[in-house]
Structure formats: structure tokens, C-alpha cells
Amino acid sequence: MSGDTSDSNRSKRPCFTANGVWRGSVEIAPIAAFVIPFGIAFGVAASAKGVPAEISLFMSIAIYAGASQFAALDLWHAPLPLATLALTVLAVNARHILLGAVLAPWLLQVPIMRRLAALLLLSDANYAQAMSARDRGEMDAGILFGSGLTMWITWIIGTAIGVLAGSLLGDLSRFGFDAVMVAFFAAVVVGQWKGSSDLFPWIAATAVALIGAHLLPTGWHIIAGALTGGIIGAWRHGR
Amino acid sequence: MVDEIAAIGAVLLLMLVTIATRVGGVWIMSYVKITPRIEAFLKYMATSVLISIVVPTTLAASPRIWIAVGAAAVAMIATGSALTAMLIGTALAAFARGFGL
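Same order as they appear, the protein sequences are chains A and B.
Its first residue numbered 2, the first sequence is counted upward by one per residue in the working numbering.
Its first residue numbered 595, the second sequence is counted upward by one per residue in the working numbering.
Note that these hints are calculated values from the structure, not bench results.
Every residue gets a Cβ at the ideal spot worked out from N, C-alpha and C, and that includes glycine.
Be aware that a few hints might be false.
Between beta-carbon pairs, the in silico distance windows are [unchecked claim]:
| hint | chain 1 | residue 1 | chain 2 | residue 2 | range |
| --- | --- | --- | --- | --- | --- |
| 1 | A | Trp221 | B | Thr673 | 31 to 37 Å |
| 2 | A | Arg237 | B | Pro657 | 31 to 37 Å |
| 3 | B | Ala614 | A | Lys195 | 30 to 36 Å |
Given only the sequences and the hints, what does the whole structure look like? Please build it.
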């Protein structure tokens, strides 16, 4: 990296630089490495469903949203139920709308093409990474695109391994890989704790998410819990 | 057997749906004035999304995932690094597997 961009992360204004893209892509690497086993799991599950290798790979390239791709596999039979597929994927991925809204005050200040680039590769993991980076004063939205790029590539590589050689690898959960994302998200949540004023909104979000997980169709409990936490927080702390 | 052309069409449809969710939040917020109240809403929603993913997933999973999440939370308090916390949680989950948890 050239010297004049080295201070870009220190600037006070939101920006989107090549330096940020580079840092984002590198910083997420330890998490992205664990995306490969998930990609393999998807590739294996798709093959088991009789989905051709090139279609499985195309899903991971084009959709790039693990949970919704697994949900789509459950509905993958001829004739394809397009409306049900679209609604299911919408439900599982609707939380992206909330992630985008959270990032909006930041992203709306960068040029539109760069904003779209960062959003196209948005996932829970690089959102969580960006949240904890922003707590450290990060203003460069390029990190979001960089981390998204790394996650996208590892998801595709994992899927490719899964469809080609997955059956030889067996059950990867024996390595504890299935704990990666929940452990990471739990750590980011704990890092967001600012004091006892957070307690009530957090408890409300937890309660609604738990109840919703039993009562609502797949995916909607996340929306319900997130909105509850946001509304309670705004009610108690907004002016 | 699902027809190849139909499959490609379906994947493209699902891609468009997913892109709509990815850009939708920022698009909506471009019409909303960011007042302090909206800012507080977004700030609490930021964490609540992750809470709503983690808690139900963890409780529905096996005890080694409980160990992983608990260890990651403690490690985060101790180290302040989400990455370190994730690695410790994952390592303990793998270790717990050895005890049949």
C-alpha cells in the first residue's frame, strides 16, 4: 500500500478506498476460512438432492446466502415451485434489509456504484465484522466490500469442493466448524455492550426472537427480534 | 429431474430476490431522515439482529455449541477480540465433541 492511503482509516468522514477493500478482505480471512466447510456441506447436500454440479455452483455464485440456499434445496423438485421458492428465499434473507438499514448512514455517504458493490456481497458475517470495526473508529466502507469478496470466493470454493469431492470428506461437524458463526456473532454482541441501558432492549430482542422461533415461519423470528430491540432502544434512548 | 433451463431461471429469480433484500435496507433509509431517534433505533437493531440469530440457534443446538458460545462470550470480555473469541469457542466445541457432547 502506498504511504498516502495509510491514514485513510483514520479520517473522520465515511469513505471507500482500495486500501479499505484490501484490509477488509484480509481481516475477515480467519472467518472466511471456516466458510469453506459450510460451502462443502451445501455442495454435498445439493449433490444428494440430485442437483447437477454446475447448477449448485451457479447457486453459490449468484445467490451467495447459505441458509436460503439450503432452504431452496428442500423445494428443489420438478416442476420447480417458483413462487414458493421466491417467498422462502425472501423470508430467510429478509434480515439483509435490516443489516442494510443499519449500515445506511455510513453507506449513503459513499458513491452509488461503490455502495452497490458493497451491498451485493453483504452477509451476516461481514456485517458483524464491519460492526466491530466501526466500533474501533473504522470509516472506510471499502472493508465491507473487501470482506464480502473474500467470503463470496470462499463460499464458491467450498461449494466446488463439496460437489466434486464432498462425499469423501464425511461429516465436517466433527471438527467443531458448525460453532464458528454462532461463536463469532456471540462475541460481536458481547463487544457491543455499552452498559446497563442496553439490558432492556437486548432482553426484549431475545424474548421475541425465542418466541418467534417457535411461532413464526422460518427466518421471521430474526426480523421480529431485531425490530423489537430497535424499537425498545429508540423508545428508551432516542430523543 | 429438474430441467436445466428451468433451474437456471429459478436461480436467477432467487438471485434477484436476494439482491433486493441486500440493497433494500439502504434504499428505504435513503428516504428516511436520520434523527437521533432513528439513530437509536438503528443502533439497537444492529445488535438485536445478531442476538436474534445467536440465541435461538444456540438453544436449539447441542451442548457443545452452548460451550462454544459461552466460551466465546467470556473470551470476548477477556480479550476484546471477536476473532480470538471465535477461535477459542470453535476449538472448545471441537474438544467437547471428543467427550460426545
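What hints, given by number in increasing order, does this structure fail? No hint contradicted; all consistent.
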